[in-house]
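Letter by letter, the chains look like this.
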Amino acid sequence: MDATNNDLLMVRGLRLHFQTRKGVVQAVDGVDFDLSRNQATVVIGESGCGKSSLAKAILRLLPRNINTYDGEVWLRNENIMELNDESFRRDIRWKKISMVPQAAMNALNPVMRIGDQVAEPAMVHLGLNKKDALAQALRMFEQVGVPADFLHRYAFELSGGMRQRAALAMSLVTLPDLVILDEPTSALDVLTQANIMNLMKRVKKELDTSFILITHDIATSSELADNVAVMYAGQIVEVSDARRFFREPLHPYSQKLMASVPRLRETVEPDFITGQPPSLLNPPTGCRFADRCPARFDRCDEEPPTVVRGDGRKVKCWLYV
Amino acid sequence: MSNSNGDTSPQAHAHSDEQPLLQIQDLHVWYELKRFGFGHAGYVRAVDGVNFDLQQGEAMACVGESGCGKSSLMKTILGLNRPTKGDVVFDNQKLTETFGEDLRLYRAKIGYVQQDPFGALPPFMSIQRILEEPLIINGMKDKNARVERIKKTLEEVKLTPVEEILPKFPHMLSGGQQQRVVIARAMVMEPKLLVADEPVSMLDASVRVEILRLLRNLQETHDLAVIYITHDLSTVRYFSEYIFVMYAGEVIEIAKMEDLLKDPKHPYTLALLEASSDPNADNALVMREVPRGEPPSLVNPPQGCRFNPRCPKVMPGLCDVKEPPNFLVAPGHRVACWLYDEASGAH
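Chains A and B, in that order, give the protein sequences. Everything in the first sequence is counted per this note's numbering, starting at 1 for the first residue and increasing by one. Everything in the second sequence is counted per this note's numbering, starting at 1001 for the first residue and increasing by one.
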């Protein structure tokens, strides 16, 4: 990828470590990636690999037990890691970057009308009055396919799919540049899932929004992905454009992960990855995947560098040095 | 082969001389809705006229979205719900005629694998205690025999070394290991039938296949009958011989697995297949065809075919008036859709 393309988000050396009684958990450990305007990057990885922590680190939604939180996050030409908490809250969160957290559809306020909830970020962050904010909410409802009269309903009156749409409308109501979606479809039925993915494709086209989609569902992720970042044990081990990634993943972990997806239309027998991911309390010093890797050799005891290949794909593995 | 409710079993041809292990006969499970705690306010028709047979040693997948009645069907098979109408015949025993102590024995012959392993395991019990519980309840008094049985089961589900696992508590295990404990608990009574309710949907992609293969191995080595409930069509092909699709409390299509995946008939089955994706970058370029609307209320299901308000091929005047019967479209392949009624000339 050339530099002119990377004009929305650039993450460099981002680290987020938590302090626990047992020691330091290295949830996000030196993550680099770029995101262009109107693009979707999918972050895939197993549970506990730090992908949700990555989202929280970008949006600075942190718990109290922080041990380390550093690195650079450039949004357009501004390093937002340097902002103080107040200006981050006022100028970045919701306005520039919004998020649909995991299980957002179950986190809607049960005693507030859906319309008021969806309109609230527009009132708080854009300073709109209630009437304009509701009008904006209505526009977003139309965008995500929620009937207009749902503005006056409560969360319990909506089905799961409709609530997820409302959560998505809320994240879009301030017209941010970037929306981070954490497992947006994992609790939904197949048809609803397909509907929501259709919707995001349309939103991406019509509102010129960028997405970071965090998921463990590789098949669904391919519905939206322009780029794929594979995360393993707190680190990104491969970044690639979707077309080449889904055809031919580079990192042994990506290859194993792709091979473990059951196919509906092909007759390949799926495989599984033996062993378990390492503990983030005390990750191995060399390559973190080495213990489960079929291609392991002696150099893997040292930490592999991130290799940038001629075609722009990046892979953190000694095989490609 | 024949049963009083019509020929609804696709596998009947292969096993014409055997009595099926499990027969679901015109099963209805309705839940009564009460107004103010006592006034009758209608029924939720969770399962509405389901028929199928399952032979010893066969795996059958049940596919449907949430709220289609698949959990109610399963709970009835497990003996947790009473049938409102119709019957479940398991191992020559009619559920409607089974009560008290007999019902306990009935339940002991069916293993149940829950969806969420962490929620299904009591957090304050050791693995040994969790696996001992069903044996104690079912009157296995000899402690040594119990421990022997538990060890054998744990080895079968490949949770080794057994000695290290036994004293552990559920939170000390990974998701895949927890699910193995759940499977071990279902297997410890050496059941004839295993009901697995979305056994891999909460697990990571990398271990899903491992668990599915384990279930498949258990099925083959123990000649188990398995009902595999899922909403994910892509895992079905690696697991089951037969598959049926449920919509709004009814079975709308039933066939051999390959037949259904290769040549789906019902518009709803087609929609489900269309909505399931394989990892492929081309997916991002196309919009998926998804039927509009949502599954109907089971209190007041639509007249006629229950899929008719969402169906792209609806035939007004027929589909919204008359409920479609099962049409046989190929040997062992039945579909409840008017499109396949040759007499009506619609197809």
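Think of the hints as simulated: they come from the structure by calculation, not from any bench. Treat the hints loosely; a few may be bogus.
Which stretches of chain B does chain A cover? Using the computed rule of at least three CB atoms under 8 Å from a CB of chain A, they are [to be verified]:
1) 1107-1116
2) 1198-1209
3) 1230-1243
Computed cross-link-like contacts, DMTMM-like style, restricted to lysine to aspartate or glutamate with a CA-CA straight-line distance of at most 25 Å [claimed, not checked]:
4) B:Lys-1141 <-> B:Glu-1101
5) A:Lys-201 <-> B:Glu-1101
6) A:Lys-256 <-> B:Glu-1289
7) A:Lys-201 <-> B:Glu-1198
8) B:Lys-1256 <-> A:Glu-269
9) A:Lys-204 <-> B:Asp-1282
10) A:Lys-22 <-> B:Glu-1164
11) A:Lys-201 <-> B:Glu-1164
12) A:Lys-205 <-> B:Asp-1282
13) A:Lys-256 <-> B:Glu-1164
14) A:Lys-256 <-> B:Asp-1278
15) B:Lys-1262 <-> A:Asp-149
16) A:Lys-205 <-> B:Glu-1198
17) B:Lys-1158 <-> A:Asp-271
18) A:Lys-256 <-> B:Glu-1210
19) A:Lys-205 <-> B:Glu-1289
20) A:Lys-130 <-> A:Asp-149
21) A:Lys-204 <-> B:Glu-1210
22) B:Lys-1262 <-> A:Asp-291
23) B:Lys-1158 <-> A:Asp-149
24) A:Lys-205 <-> B:Glu-1210
FRET-style restraints, in silico, Cβ to Cβ [claimed, not checked]:
25) B:Asp-1116 <-> A:Ala-148: 45 to 53 Å
26) A:Leu-61 <-> B:Lys-1034: 54 to 62 Å
27) A:Ser-87 <-> B:Arg-1213: 31 to 39 Å
28) A:Pro-110 <-> B:Phe-1038: 48 to 56 Å
29) A:Glu-266 <-> B:Asn-1217: 18 to 26 Å
30) A:Glu-266 <-> B:Asp-1223: 24 to 32 Å
31) A:Glu-78 <-> B:Asp-1116: 39 to 47 Å
32) B:Asn-1092 <-> A:Gly-23: 55 to 63 Å
33) A:Ala-148 <-> B:Leu-1270: 27 to 35 Å
34) A:Asp-116 <-> B:Pro-1122: 40 to 48 Å
35) B:Asp-1263 <-> A:Thr-285: 41 to 49 Å
36) B:Ala-1145 <-> A:Val-307: 52 to 60 Å
37) A:Asp-116 <-> B:Asp-1102: 18 to 26 Å
Source: prediction; values computed, not measured. Don't be surprised by glycine CBs; every beta carbon is placed ideally from N, CA and C.
>> Checking each numbered hint in turn, tell me which of them this model violates, lowest number first.
In response: 1, 5, 6, 7, 11, 13, 15, 16, 21, 22, 23, 24, 25, 26, 27, 28, 35, 37
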